[in-house]
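Student: Here is what each chain is made of, one letter per residue.
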Amino acid sequence: MNDTSHHKQYVITILSRDRVGIIADVSGAISALEGDIADLRESVLRGYLTMILLVTFPVSQTAEAIRHSLQAINTQRADMPPLDVIVRPADDALPAGQSSIPDDAYILTATGSDRIGFVASVSGFCARHNINILDLSTAVSEGAYTMILLVDLSQRSDIADIRRQLQAFGQESGLSLVLQHYAIFKTTNEIGMI
Amino acid sequence: MIQADQILNTVAMIQRENLDVRAVTMGISLLDCRGATIAETCGKIRAKIVACAGSLVATCDTVGEQYAVPVVNKRIAVTPISEVGAGYTSSELVQIAQALDAATAEVGCDLIGGFSANVESGVSRADQALIDALPAALVSTQRVCASINAASTRYGLNMDAVAQLGHTIKDMAGRSADQGGFAAAKFVVFANQPTDVPFMAGASHGANQPEVVINIGVSGPGVVARALERQLEQSTRPLGLHDLADIIKRAAFRVTCCGELIGRQVADALNVPFGIVDLSLAPTPNVGDSIGEILKILGVDAIGAPGSTAIVAMLNDAVKKGGAFASQSVGGLSGAFIPVCEDRELALAAEAGSLTIEKLEAMTSVCSVGLDMIAVPGSVDAETLAALIADELAIGMINHKTTAVRIIPVPGKEAGDTVTFGGLFGASVIMPIRNVGQSTRFVRFGGKIPAPIHSLRN
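Protein sequences, first through last, are from chains A and B.
Each number in my numbering corresponds to the 1-based position in the first sequence with 1086 added.
Each number in my numbering corresponds to the 1-based position in the second sequence with 4 added.
The set of hints was computed from the structure by calculation and includes no laboratory data.
Please read these numbers as outputs of a predicted model, since none were measured by experiment.
Possibly wrong hints are sitting among the right ones.
[What the hints assert, rightly or not] Taking lysine to any residue and the SDA-like style, the derived pairs with C-alpha atoms no more than 25 Å apart in a straight line are:
(1) A:Lys1272 <-> B:Thr66
(2) B:Lys253 <-> A:Ala1269
(3) A:Lys1272 <-> B:Ile18
(4) B:Lys253 <-> B:Ala314
(5) B:Lys300 <-> B:Glu237
(6) B:Lys452 <-> B:Pro198
(7) B:Lys48 <-> B:Val61
(8) A:Lys1272 <-> B:Gly335
(9) B:Lys405 <-> B:Ala314
(10) A:Lys1272 <-> B:Gly68
(11) B:Lys405 <-> B:Ala249
(12) A:Lys1272 <-> B:Arg234
(13) A:Lys1272 <-> B:Lys324
(14) A:Lys1272 <-> B:Asp272
(15) A:Lys1272 <-> B:Phe278
(16) B:Lys253 <-> B:Ala8
(17) B:Lys324 <-> B:Gln213
(18) B:Lys300 <-> B:Ala431
(19) B:Lys363 <-> B:Ala431
(20) B:Lys363 <-> B:Pro381
(21) B:Lys48 <-> B:Gly112
(22) B:Lys324 <-> A:Gly1278
(23) A:Lys1272 <-> B:Ile251
(24) A:Lys1094 <-> A:Thr1142
(25) A:Lys1272 <-> B:Pro277
(26) A:Lys1272 <-> B:Phe329
(27) A:Lys1272 <-> B:Arg230
(28) B:Lys325 <-> A:Ala1269
(29) A:Lys1272 <-> B:Val334
(30) B:Lys452 <-> B:Gly210
[As the list claims (entries may be wrong)] Sample of chain A residues lacking proximity to chain B, with all beta carbon distances greater than 10 Å (derived):
(31) Thr1099
(32) Ala1110
(33) Asp1111
(34) Ser1113
(35) Asp1122
(36) Ile1123
(37) Ala1124
(38) Leu1126
(39) Thr1142
(40) Ala1158
In this text, a Cβ means the ideal position worked out from N, Cα and C, and glycines have one as well.
Just chain A, with the same shape it has in the complex:
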């Protein structure tokens, strides 16, 4: 681990068109600046790539210098627009990465026809009822649009109550909503390591 008095942590987000070698270029640029990648998530959606990274740099590097170096990555390529890069000093007060899924996590699936406000409506329901969304993705299957949310209900005590609220929400929104314990998905889809 780097000595904190001589190093500073940054959170970096990058948006780019996806291409072969993009991650090698980004991590190469960070290495060249003596950056140490502490944590990284990457996701690709229909040809676009986004990354979020936590990186520790020597205090001699400025946020502007880091951003400049990363933005230069696609400039040699005529077929690629430049990277969108945001660099911010990381807030030490935030908890250090929670990657494990809590015991009382549930999967909420919401299915309906594609329309404006679908995601807003479901996430709004979660916000109103104190349901924390841990992960979210969408899928299109058999013509229907489905949101899949990994939610944490640890701030709620009565599961029967939540199911009643979900049922009412389903009726008013016309969405088909299913709330199932994460353990069911885990046990039927994973052969766990011991």
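Put chain B on the given structure of chain A with help from the hints.
Tutor: Just chain B, lined up with the frame of chain A:
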């Protein structure tokens, strides 16, 4: 994070394919319930059942709600009453049956098993009193199920007992004639009866079991049927039977994983040890929850047509292979059930005449559990029923497996008529028995069919 398609498939399995836990059965030892008088014994039995199972139903419902996987049946199995009630007269044993019935109603369970005896190697006085009590016990109670183990691979087939049970079944059906002989639907005769079965009517809590235990029976015909249909529809290449067996295996794995998860949660919440998962595909009369439907998907247009036995053999084996890996402890009957009245497609095949008792008997040689929920004419004589039971028990005895007979001679009805028992017990046409009255000399020999040579394993 699990992938989106896996999540959507799992949601479909639970929402649309009838995934549930078919039975959570609490086994309770009653060996410490003996009192100085029959009234005191009945009181102790009631108190113990209420103390152990008082929160069984509420716990199953809470866990079912939490995981959104319903527990359909909550049941109780107790120590065989011939052991608990040894020394009592048959009318006193009927009082015990009524105490079991009342206690079961009090805790909100639908059935209780264990009005039972094991006579595989001989009938003790206590066993005889219990057999004598059977008709009155089953007619005067709603929830009590009874079973007699009359044969085993180790000790042979007790034909004296089987001959007697032919009359017992006729008697209990006759006394419940106004309900189509329904009392006989709560009684089963076994070979090689396990002591940890969670399914009725054959559940009991053997002397080798813990004080209290939770055993579960998984569901699954619907899940297996839909998984097969989906793959047959979507596959880009022709599927062989080995592919279909693999699909069944995977579906059984998933079903069993869910069952084990729920069962262990219930056991933990009740602070009771978890016993076994019974890997039996148990059908119900509901549409889409049928073993018969799986046979049709697997390629016979009429259930009972040549090939049916081979398909049941493959199905039964694939379910075990998938389930065995999913569970820490497998037990009970663990095989596909083919109860005619309780499975809509089987009942329709019986009505159409494609499925006969002889074919069912052949199918039971490769699956669990036996001639199950079969309605036959009330006029069939006791010796013919006994001989039919003997045939089925012989299959179990020779093949080291559990077989059983639950047959209902429906009073006043003939082959081709129909009978309805309602609920999970279903409905069916009355199936004809061929060669009625031709087995009397065999049955009247009595005695025992000796244990097979491969019982000598020491």
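Student: Quick check: which numbered hints come out false for this structure?
Tutor: Result: no hint breaks.
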